[in-house]
Structures are given as structure tokens and as C-alpha cells.
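Trainee: Sequence:
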Amino acid sequence: MSAKDKESKTLEKIKQFFRINRGVPGNLRPREDFVLSNVLEKDLCSESPTAQRIKTVKEIVETVLNHKLEDNAIAKLWYLLEDLVAPGNPKENRHVVFSFCRALIQGQYERLGMMRAQFFKFIKNHDVEEDIGPRLELLQSLTDHGRDILYLEEEMALFLLDWMPTVIDAGREQDFLQILINVIKYNTAYVDEELVASFVQSTCVLCCQSCNEEVVLTCLQVLDTVVCYTSLPPKSLSPFVATLCRTVNIEIYCPTSWKIMRNLLGTHLGHSSLYTMCTLLQCESSLSDVGLLRGAVFHINMALWGNKRVPSLKCTPTSVLPSFKMALRCKHSLVMYEVMLSVQRLVNKHGIELLDPSWSIVLVIIQTIIKDLENSPPSQCLNQISIHLHDTLTMVEQMIELGQFNGSVQTVFEIIESCSPHRPETSVLRLVSYLASSILPTRHLWLEKLESLVIKYFKQETRPNIRIKVLSILATVIQNNRSLYEEELVEIVLRYLGGIAQEGDIAVRSAAAQLLVDLCLNSEPKHALEVMDILEKLLNRAFEQNEIANSEEDAADIKMTAHGLVQALTNGLFSYPPAPAMRAFHLITNHLMTHYNEPKHLTNVTSIRYMMLECLLRLRADTHYRIGLCGPTTRYSMYLLAHNIAPQITSKVEMDVLPISNAIRAIIRAVKDELDWKVMLMVLQELPQLLKNRALLVSKSGSEVDLIATALCAMVCDKSLCLPEVLKNTPPKFTRSDLHNYVFPVLASLVSYHAYLEPKLQQRLIKCLEYGLVSRSARQCVLALTTCVLEMRDAMVKLLPEVLLNLSKISATVHIAIPILEFLSTLTQLPKVFANFVGDQYMSVFAISLPYTNPFTAYNHFTVSLAHHVIAAWFLKCRLPFRRDFVKYITNALKGNVKPFEDSLYKAEKVNEMVNEDSSNRKRSSSLTEQGSRKRERPVSTRLDLKPPIDEKLIEFHRELTETCIDLMAMYTFSTCSPQPKRHSTAELLLSGGQSMTWLLGNKLITVTTSGCNLKALKHGLCDRCYQVCRINPDLIWTVLTAGIERIIVECSCLQMVSNDSTAASTPDEEKPSVPDSDTTKLEHIHAAIEKTERQICGCWCQGWAEIFIRRPTGAMSWIMRLQNEPHSPNVQDVPYSDISSLFLSSTNSPKMYPDELEQVSCERVCSKPVSIPGSPVRRNVHSDFDDLVPHTEEGSGRSRNPVRRSNSSPEMSASWKNPLMNSSLASNADEADHGDGKKKQNYSKDLR
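If you count by this note's numbering, then the sequence shown holds residues 9 to 1257, one letter each, in order.
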């Protein structure tokens, strides 16, 4: 159809739609009848020229279209113009007449009557090819596009069937099919079954052959009309279904085609149509028609399992699935794709309902598709098929997991195995687990199955998770069957894991390392050694392949291997033969040495070195040199020794030697070259425990202890090492002192190995510890030096003065107090060490100890007491010439500790007195001045209230310790004597029967015992008792008595000088004087005889004697004295000599001393100049409290001062005995004697004893 014809057709349709028809109600104006005049008839008749006739026809076209003609006018006009449409007339003239006839029919449609048959007869018989279009248009107008076939019922359908090929050839099939559709839709009763079948056949052919989309869609519309408005003949079912199967493959026709098919399947021909499609799928001739097969599969799929399935179809999957299988014989991707989609939809929607027969066919279809995919070249369509295929298999696997699968599980996993390279990891993992379940010793060829599994899914597989799963299965099989099939299983492992070190995936290597470690730990020694060959390659992989691990994860396989070797060593020590343990030991030590030689590879992987070094540091040896491991229960091997020893004859098992020196060298390299603080910390913490095991480190051949000491000393002294700056992973603000805190305990542990250290190394070790005294590690260093004093005395003798000097520089803190005092206390028991001390060293000792005697700091009572003990011990150890020079220094320091607190206490008491003042002294009136004074006083009282309370008990505690120390120095400054005196028998003779009285002065008890004889001096001026003693030989007796008295005085008053061979004099507690038994017995007899006599005044030589006995905290002292003055009183009997003790009766008029007077007196005291003091730690402006010991008298009082007064300080003594330390005049005299020539500083030569 030309464009002009289409436009005219459209215009006519519009005119026809909007025209005013006759007989239609609502017309605005009635149409007028048009009368055919004679002139018009004449112009239209055949006698008129053709041109005139054509012109007239054109002129009346509008008239006949829009006006009502008179009766019979239509017949007249047709009669007049019939000859113009004859075949002999020109085409243009015929077409003009055809157009006039269309207008006439349209204008006079309701008045045509029998003329409809005349016009139809004309259309039917007018067989001019050029007039097909006008004829078709005239037929459209005559039948209203096929809706109205009045008077044409019998001939219309047959005419259309006969005329259809002609119209199709002319290209007017679109308009023709519309007429056909309307004829079938509105006049189906006049179309018999044969004609319908013919129409269907022709339409199907046209539908399949036409390339015009509109034509195809119209053909489908014809087929839909046939299904909906008539009954499809059975014989037309095959072409009908085939046409729908072909058209459904094209996207634009697919919805219409599926709609028609669904309508067809819903009719009584539904099952027949389904059967027809199955027949098409199974037919051999259809294998080449891909569209037909695909469409049939699609329609079956949609009809049975689709979203808009046909409910009336009662068909099981078993009925159609074989046809799908047959359709796959074409091996075309489109057919496979459609079949795969159908199967996937079936499994997804109805998989639970499927039974084993259906599942069998489904699995066969899937297997067939997998094979076809393998044999087909890659394409986009095949990729889509593969996706749907694997989705379906995944769905089947899920159903198996849920227990909803009713088919053959074995077949499913066989299918998965056949396409395992393309299956997801999870699917293959399920497959591997399924295959592993059948690897049992009870199954036939189970070892072959195991090997096949390893080959296919480990060697050939590339996905890490699957390979790791296979290794896990292999490990499980080995664990379960090792006892019976170890040889075969180890062979499989060695065969397929021998080159695991070349594996590129770290996770696979780690899993393989775990398997090898487990196998090594639980297999026979022979097989364990073979496995260790593979482990060695894994362990040294980074070095051999020059790889650098940047993190722990990058060396997970090496870490696993190292952990396994450590376990092999720890477990193999107690198994026989110990070859695996020895091999593991060699691998560990060699790896450590290799690492420290090439640290760049694994420097960031600290856990490997950590566990290896930790294992080596746990090694121990017992007294028999058997190797063991420390732990809660330390065990020792019966098969390994630390060193070569003489063979034991009784031993039935051969003992091997583990080269411990290799481990020690590895540890030393770690100390020298380790850069990670975590590893270094572990080594430094474990080394002291290792050094406790001497049997492990020392052997007949030698020891590496000196190397350890050298390395540790370098960490302290060698600044070129740049420690700890070069260390990694250190805590924040990690300093050199923090590092030394961990080094010094190790150095202290090395002291016990001094026999294996050269003298220079010993001195270097001591200097390192000495270096630590000025760091925060001072406590550890002092403890170590204490051990050095005990263990390395020869080296310590030379360095001790320097050590003491450094100790004196340490700030006195609670943390360091006890160790320093213990050091000094320990040193007092080693006289050979401090034999060469001079005054400066002794002064350093006192300077170190005195700061710890202050209880008002944080020191506890134990520390303060220990400090006093150290001072006392060293004062006694000091040589006599030095003691007097240290007294003032020690006393000032002790007094200085408590003086500020006593002053504070005194001020606090005065404030309390002011607060408790009587109200009578208060001021009643106020004035501006008084208010101002009160304002000024108010802040003072507030500050006093805020001060902490003074602890009087603490002051008393310190005062007692101080007095005790001063008392000690007073007793032993000029001599060293025993702490307890013992009366001589001669003294007993003189004092027996005498009077005795005791006084308490401060913390001293003073007892005065006078001689008192009960007999008269008659014979030669002697009493009877003395005369009996001296009767035989008076001169001899007198000589003996005199010598005995003098000896008593010497024994009780003189100091026992120190022997020249040692400076360590015995302490006072060690002196135990003894009295001969004969003297004691004689004394008792004499005393008993005296008691029986009458008490009378004796005027013989035993008159006037007295014993002064002073008991003090540091010991007792006594001496014998005699009154040399003769009595001048005439009444000599009034004051008997036996009552000489009355002279010492206390005076009640003794003046009371106040603090102000004490300070004034203390300022007048003259002190001797001591040895130069190197930096005394105590304050120099301390007031001395010795003035309490000096007797005072008031001028003009006429009364003697009370000689017995309790004092808070040292008690004053009687005039007959003066403490040289308390007497300022004596001290001044001593200073003048010591500093005669220009008061030069006293120099002491070094004692070479």
C-alpha cells in the first residue's frame, strides 16, 4: 500500500466516523434526497464521452457521500458506470469508479439492500491484478471491515480463503487479516471447521514467513481470535502450536504468543497441545529447528511451573522431563539454556515435592548439560547456562543439607565432582567432606581414594580453602589410622607435601606445617626425622628464598613450624631414642644463629624467636647432668646429657649428649643482637633462673658464662650499642635506666660464677653494678654488690672504697634503705675486705648510714633500728685512733634528726599554755590598737591549728635510740672491753659486808658499794680477819693483796687492746670473763665469817674502799676506788667510813635546767677536730645536747647541786667520774694534744694488715 492510499484511507475513516448517518437519532439536520436528473444520467451514460463521464463522477462523489439518494438511484448509478470498471478501461478510470462506489456505499450504506450482493459479486469476479487494492478497500466498505456480511454469508468466508494468497502476494495482508479477524469474531457461525483449519494453516505460514512485525502480530491476533471465538480443529493443532513455539523466541512476540498458548492450554485441547509440544521435542526432524524446540520448552515450563501456570493441566514433571532430555540432543546453546532455566525453576519451586524418578531425570539432564558445556566453545550464552546450572546445584546441595532431597545424593556429588573446577568453594568443600566420609580402612581401595583426593583437590586445585580442607581431612585420616597404617600414610604425606616450601600461599603452607608437626610429634622416630626434613625447609624458607616478612601473618607457616619444633624438643627429651629431640634442638639453634646473621628477613616476626629462646632458657640439668625442662614439676631425661661424663657401667641405655653450648651461644647472640624489646625482656627475665642451674652451664671442658657476662656488661657500659634507642616495641618513655633494671639482676646472678670469670671481667662486672648505683636500679645493684662482697672478695677489696663513695651519693629513700644497710651490715662480717680502710672509708660508711636514722621521714622502725645497728657495728669495727674523731659527727647527725621536732613540740606546748590561760588575764576592753593586735594574732593561731600533731612516741623512740648510740660511743671510744664486769675475789673480800645503794640517772643505773669491816683494828692496825689473812707472811700477803686490787682495777676498767693480726676485734657481747673457782670458794668462806661478826668501825687497810657499778644500755662498767684523805674531824666516829656512801645522797636543792639554759651551755662546749668528713648527709647547724651531762653549780647558793637528776639526754655523772665525751674541758685538752703544731689535719697511714 502506497503512502497516498494510506492517507486517503485514514481520511475516509475519519469522515465515516464523524458523518451524520441516516436514521441515527440526534441528527442536527435531516439529509435531503438527491434526485438523479436526466441531465446527470445523460452525462453518466455510456454514450457520453469517457472524460465527461469521469468528470461527472468526480463531481457527484461528495453528493452521494453526504446526501440521501432517491430510491433505485444506487442501481441506476451502478448501471450507468458499470462499463467503466471493465478490464479494458484505463486503470485511472477504473480506480475513479472504485472510489465513487466506495463513497456511494458509505453514503448510502443503509439503503444498499440487494445491491450489497451486486457489489460483492463485482468484487469477487473482478479479477484484475492492478485493482486488488481498490477491490479490498471496496470490500472493507461493503462489509464494514468484515463485521457485516449481510446477504454475503454463504460466500464471504470461502471468498476470503480463496482470495487470501492473492492479497498476500499484493502486500495487502494487513488489511485483509483485519477483515478476516472481524469475520471470524462477528460471523463465526458462517465459518465452518474446514475453513477455520485453512485459515489457521495459511495464517501460520504467513506468521512464520513474514518479516513485518505488524503482520506477524496481526497473524497472532488471528490465531488468538480462532482460539477465543471458534473451535480450533484438531488437525490444525500442530501448526498452531509450532507457530506459537517459534514466535515466542522473539521478544516482541513473546507475550502475545504465551498469551495465546496459555489460552489454548486452558481449553479442551490443553493436554493435546502439551503432548504436541513434547512430540515436537522428541521428533528427530525437529532437532534442527532450534526455535521450535526452545519455544516448546518455554511453553511447557511456563504452563507447568511458571508464575502463571495453567491450573487445568494435570501433568507430572516425569511426563515432560524426558522430552527435555531428548531436546538436548540438538546440542544448541539456546535449547540448553531454556532447558536449564526450566529445570532450575522446577527445582526451586517444586524441588521438595519431587520424588526419586523425577530427580533421576533432572540429574541426568544436568549431567548432559555439563558434558555439552565442556565440549562447546566458550560463549556468552554458555556462561549464562553455567550460572544457572551451578545455582541449581547449589539449591540441590542446600536441600541435601536440610534433608529435603529425595534423590540420589551420590549422583549429586558425582555431578559436582565432574564440574568441581567451576563450582563455588562451599560446594567443593561439601564434596570433599562427602568424599572423605567414604575413606575408611573398611572400604575397598581406601588408600587409593585418599591419594586421588589429595591429587585432585590439593595438587591440582588452586583455591586455598579447598586445599586446606583436604589437608585437614588428611590429618584426620592419619590421626585415626596411624597405629596400623603409619608407613603408608607417611609415604603419601612425604610424596605430596615434600615441596610444600615452594607453595606460594601462606595459608596452605601454614596448614601443611600444622599437619607435618602433628605427624612429627606422634609418629615413630624414623618417620619423625623424615618429616623434619620438610619442616627444616619450611623453617628456613625466608632465608633460602630471600623473602622479607613484614608482619607476623606473613610468616605464619614459619611460626607454626617453630612451635612444632619446640614441642618436638620438649616432648622428645623423655622418649627413646632421643634423635628427634636432638634434631629439633639443632634446627632451633641453627635457625636462631642464621636469623641473627641475616636479621632482615624475620626481624618483624618476634614470636618465632620468642618461643625458641624461651624453650632454650627452660632447659635444666640435674646433678647427674641429665637434661630436663623447668616447670611446675621439673622432669629430667633418661636419655640425654648436658655434658660428656664417664660412662656408667650400670646404665643399660645409651646416653646421648645434647650440645648445650649451642643453646648458650644462641642466647648470647640474642643478648647482643636482639632488637625487639619483648624478646629481650623475656631473655633478661629468664636468664637469672637459667644461671641458677650450674650443672647446665659448667662442665669439665669449660663454660660460656664469661661470654654471657661480657655481653651483659656491654649492655651497661658500651654506649656504642645505642641501647635502648635501637630497641623496637619498647614502652613509652623507655629510658636506659629502665633497661638496666632488667640487666642488673642477671649480672647479680653471675656473681656466683666468679670462679669462671677472669679478674678483669670480675672487676668489670662490679663496675657495672657500681654504675647502676646512680640509676633507678640502685636497689638491684646494691643487692648484687652485697653478693659480690661475699663471692668476689679479692676483686671487691680494690673497688670497695669507690663503691662506698658512690653509695654515699645515693639519695636516701625508702626503696634503697634496707639493701644499703644490709650491704654495710654484711660488710662488717668480712674483716679481710675492709682491712685497708682508712678514716675516709669509715666516714663514708657513717655518712651512708646516718640519713636512715631519721624516723620522721618515711623510714619504718626496722629501717631506723637497722641503721643504728650498722652505725654501732662499724663504730666497734673502727680502729681506736679513729673512733674519737667520728663521735662528734655521729652525735650531731643523730641530734639533728630530732631537734626540729622537739622545738616544734616545745612551741606547741607554749601555745597550749596560752590558750588555757586564766580568764582573769584576758582584756576586757577593746581599742583600735588591741583590735589590730588581735587581727595580727589570728593568722598565727590558724596556722598552728593546721599543723599535723607532733608524734611524741616517735620522738621518744628516736631519743632512746640516740641515747643508746651515744652511750655506746661513750663506752667504747677509747677502749674495747667486755660489756659485763666480774668481781675479783679480792674485791669481794674488801666489799663484803659493805653498804650499797643504787640511783637512776636517765637510762643508767649507778650502784655504789662501800667497804665495811665488822671488826676492830687491834693487831698491828689490822682487824682479826685481815690479820688472819696476813699472819703467815704479812709482807707477802700485803704484796698479794695490793697486786690483786690493782689487777681488779685493770680488769674492770681497762680496754682490751686489739691483736695485731686482725682488725676485727671481738664485740663486747663476745667477751665473757671468767673467775677462778678457787677465788670464788675463798670469797664465800670469808663472806660467811664476816656476816657472823659484830658490825663495828674498822680502821685497818680495808677501810675506805668503794665500787662504782654503772649499768647502761650498751653494757655495764665498774671500778674500785679508795679514799686517800685522812679524816680530820675529832668526832671521827660520827661519820663512819662504812657510811661513806652518804656523801652521794641526792640534794633536794638542785637547780632546774630549762631549754634556754641548755642552749647557752651547749654553745660553750669546745669540740675536737675530727677527720675530714666527705659530704655529711646531716645538717651542720644542730645544737648539741651534751650539756645535760656537765654538772652545774650556782654561785653563792651554798648548796650542792643534786647529782642525781633524770634527764632526757645522757645523765650527768658524779665529780669522781667524768665522761670525756661530755666534758668540754677534757675535749678541749684532747684537741690541744692532738693538734699541737698549728692544728694540722690528722693523716692516717693505710693499715697494711
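Quick caveat, the hints were computed from the structure, so don't treat them as lab data.
Incorrect hints may appear among the rest.
Unchecked claim - With a cut-off of at most 27 angstroms between alpha-carbon atoms, the simulated DSSO-like pairs for lysine-lysine come out as follows:
| hint | residue 1 | residue 2 |
| --- | --- | --- |
| 1 | LYS736 | LYS686 |
| 2 | LYS84 | LYS193 |
| 3 | LYS817 | LYS736 |
| 4 | LYS907 | LYS840 |
| 5 | LYS1012 | LYS961 |
| 6 | LYS63 | LYS84 |
Claimed, not checked - Derived Cβ-Cβ restraints for the label pairs, each shown as a range:
| hint | residue 1 | residue 2 | range |
| --- | --- | --- | --- |
| 7 | VAL734 | ARG801 | 15 to 23 angstroms |
| 8 | SER441 | VAL213 | 30 to 38 angstroms |
| 9 | ASN383 | ASN737 | 58 to 66 angstroms |
| 10 | GLN60 | LYS267 | 50 to 58 angstroms |
| 11 | HIS823 | SER709 | 38 to 46 angstroms |
| 12 | PRO385 | VAL417 | 41 to 49 angstroms |
| 13 | VAL805 | GLN553 | 52 to 60 angstroms |
| 14 | GLU561 | ARG801 | 50 to 58 angstroms |
Since this is a predicted model, take the numbers as computed values, not measurements.
Every residue, glycine too, gets a C-beta built ideally from N, C-alpha and C.
Trainee: Of the hints given before, which are not true for this structure?
Mentor: 2, 3, 4, 7, 8, 12
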